[in-house]
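S.K.: Model the full assembly from the supplied sequences, consistent with the hints where possible.
Spelled out, the chains give:
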Amino acid sequence: MVGANEEIAEKKLIAFTNYLKKHKPLAYKQIQNILKDEERHADYSLRFAKNNNSFFLYKIKLVKEKILSFFRHIYANSLNKFSFIFKPILISIIILISFVTHFLKLKKNIIDDNVMENIDPNSIT
Amino acid sequence: MYYIGISAYYHESSVFLTDNKGTDCFVKEESFSRIKGDKNFPQRCLKFLIKKFDLKNENIKSICFYEKPFKSWWEIFYYSIKNPLQNKDFLIHHLKNFNKGSIFFYTDINKLINISRNKIVYSSHHLSHCLYGLSIIKNVSDYVYITCDGVGEGETMSIYTINNNYKIKKIWTNFYPNSIGLFYSTITDYLGFEINEGEFKVMSLSSFGKPIYEKELKKIFDINNFKINMDYFEFQKNPTKSFSKKLCEVFGEPYLNISEEKNFKKYANIASSAQLILEHTMKNLIKKAIDLSGKKRILLTGGVALNCKMIHSLSKQDIFEEMIVPPSPGDSGSAIGAANFAFLEKSKNRMLNFNNIFLGPKKNFINKKESRDNFFSKINLTNDYIIDAANKLINGEIIATYYGSNEVGPRSLGNTSILCNAANDEAVINLNLNLKKRQHFQPLAPILLEEDFEKYFSINKSIVKNLEWMGTLCDAKQTLYNKYSSIIHVDGTCRTQIIKDKNSITYKILKNIKNYGSDMLVNTSFNISKDPVVFDLFDVYVNMKRMKIEFILMDDGLYQTKDV
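Residue numbers (the working numbering), protein chains in the order written: chain A, 65 to 189; chain B, 29 to 592.
Source of the hints: derived by calculation from the structure; they are not laboratory data.
Note that this is a predicted model, so its numbers are computed, not measured.
Note that beta-carbon positions come from the ideal geometry of N, C-alpha and C, so glycine has one too.
Do not take every clue at face value.
[Stated by the list, open to error] With the C-beta cut set under 8 Å, the calculated list includes, among others, these residues of chain A facing chain B:
(1) Q96
(2) Y108
(3) R111
(4) F112
(5) I159
(6) S162
(7) N178
(8) V179
M.R.: Written as structure tokens, this is what we have:
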């Protein structure tokens with residue numbers, strides 16, 4: 065069910081290409097070609113889903129994907145607002161960590177005489 | 029009992045399952061998610077394997093992750109946090125990704141299979157690369173094992189040896205940020221190609237230029253001591269750009285439009301110079317490995333080993349007796365290395381060893397017969413479908429292939445490919461530029477029978493083994509120019525594949541086209557540029573429709589797409 069997400073993305077891209085049409089006609093032409101190809105991709109994906117699901121299951125899945133895509137796009141568009149709140153907090157954490165990292169150097173071996181014996185298979189470090 | 033190796037979270041997630049009794053299955057996450065180079069936890073791969081092999085705690089001997097998760101995350105963080113304010117963007121990005129990374133591998137896997145903690149083991153990044161290499165050769169103690177990639181657990185280059193009792197010795201290591209892989213990736217980024225995807229484009233582009241920037245680049249990467257000059261790089265502080273202003277002061281503005289001739293020439297020269305630096309560095313690394321180990325047979329793994337132009341150039345230096353680069357030397361192949369680690373860890377003195385390079389699932393294992401009948405109609409009801417396919421190829425038709433088992437590495441080796449007649453210039457150009465949408469400077473690769481190789485090509489004997497999986501380039505002879513000029517790269521080389529297996533359908537097609545006076549086909553992977561290679565019949569159908577390919581050769585016949 066990739067079709068639903070691509071449909072939303074397509075709308076955004078069309079708005080963007082309309083802007084490009086005036087300022088960068090070459091880029092506009094190239095994006096039109098990509099768009100045509102993507103349209104075919106979305107079209108075949110949806111047709112495949114239609115053929116492989118019952119009518120109701122197809123409709124349910126399509127609606128679910130459209131809702132998910134809608135929220136995905138809202139989230140993507142609000143990332144800047146999120147970072148405005150969280151960035152100062154993260155910078156403070158980083159500065160705090162930097163004071164103790166000096167003591168947290170992991171062991172590094174340039175040579176190892178028996179790799180399989182010296183490795184702890186259950187350890188993540 | 030199954031051994032499972034997993035490579036994930038960084039680049040091209042993949043899973044390999046084996047029972048060491050003939051059941052092997054290698055799958056990539058990108059095949060299911062349809063995102064090229066998908067690096068997420070391979071949950072779709074695992075769901076597929078759980079369903080197909082009925083995986084549960086009782087029939088799994090061990091699951092091995094290909095690296096030490098915390099070490100891998102920490103080593104890069106540790107380097108950048110020495111200057112916290114200067115590198116804050118990178119550090120924030122790195123911290124934010126903490127919960128998406130491999131540290132939560134056990135939690136991620138437990139969501140899919142309820143597995144005991146003692147069955148989960150962790151290999152080491154470069155060791156996994158090395159163990160994958162070990163699984164494809166016989167006399168393991170004859171070789172010295174070199175791993176060279178961007179970075180893995182803080183290591184960038186490693187040299188290993190192994191004795192007949194499978195005692196593995198690490199004899200030298202180089203550490204982050206001194207990485208020739210990251211140097212090459214940065215040039216890739218500067219030229220406007222995607223990191224981890226565009227390196228092969230830089231390699232192709234390099235043949236069009238002259239290494240006029242060699243002197244400048246030698247100041248940036250010390251080829252003798254394997255040291256990087258960080259003034260020219262930003263990968264330690266910027267998550268979206270890897271080169272600094274200082275690099276732009278040397279080479280000028282980045283991301284130029286290479287369709288303009290002036291820019292193309294300049295970028296080709298930069299690519300050529302970077303390629304030369306890579307080749308000199310690897311030559312020195314190999315010399316170091318030979319000096320330290322006393323062995324002149326090399327097994328090279330890691331992402332850098334995918335540079336087949338480098339393998340070809342190195343073979344001309346006569347510094348080694350033999351060099352083997354496995355079919356999938358990058359991170360995705362490390363899943364096989366991880367499974368080998370799990371096997372060696374349990375058995376102590378035995379290792380996995382494969383005679384076959386097609387370790388992926390069989391096509392009829394992936395698909396149901398009904399889905400094939402929904403989308404394709406068989407156009408040949410007799411047994412001579414191979415003759416029919418050969419006939420179509422000779423007449424300029426482009427045919428997709430979808431048979432046998434899937435390939436392991438990034439290159440399609442005939443079983444999941446698109447083929448056309450190499451002598452038909454029009455078909456070759458149409459396939460390359462219109463169907464595959466590749467750049468004009470990337471030539472397509474020829475495929476031919478082993479016995480015909482010497483008629484058209486020459487190669488140093490030390491790297492001949494790699495021709496079975498397109499692991500190296502070879503030189504074109506005059507006979508090739510006379511008949512198949514469209515597949516020759518501007519520098520007179522070709523990324524040729526030879527076919528040895530007489531039972532394979534690819535062999536039979538190549539044998540058949542000889543009846544029509546041709547002995548070579550063009551073989552390219554079955555995907556559109558920037559899409560993953562097709563996996564199931566749905567991908568096959570959609571991609572054929574997108575590329576307007578009508579015919580497909582499957583295990584039991586020649587098929588045509590239906591209109592649905």
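S.K.: Grab the minimum C-beta distance from Q96(A) to chain B and call the hint holds if it beats 8 Å, violated otherwise.
M.R.: violated (14 Å)
S.K.: Please verify that hint: V179(A), Cβ, nearest Cβ of chain B, below 8 Å or not.
M.R.: Where the cut-off is 8 Å and the nearest Cβ of chain B is about 4 Å from V179(A), the hint holds.
S.K.: Restraint: N178(A) near chain B, CB-CB cut 8 Å. Satisfied or not?
M.R.: It holds, given that the least Cβ distance between N178(A) and chain B is near 6 Å, below 8 Å.
S.K.: Does F112(A) meet its interface restraint, that is, does its C-beta lie within less than 8 Å of any C-beta in chain B?
M.R.: Status holds, d = 5 Å.
S.K.: Classify the hint on Y108(A) as holds or violated, based on whether any CB of chain B lies nearer than 8 Å to its CB.
M.R.: holds (5 Å)
S.K.: Restraint: R111(A) near chain B, CB-CB cut 8 Å. Satisfied or not?
M.R.: holds (6 Å)
S.K.: Does the interface hint hold: is S162(A) within less than 8 Å of chain B, judged Cβ to Cβ?
M.R.: Cβ of S162(A) sits 4 Å from chain B, so the hint holds.
S.K.: Interface hint check: I159(A), Cβ to nearest Cβ on chain B, cutoff 8 Å. Holds or violated?
M.R.: Holds. Min distance 6 Å.
This entry does not satisfy hint 1, going by the numbered hints stated previously; all others are met.
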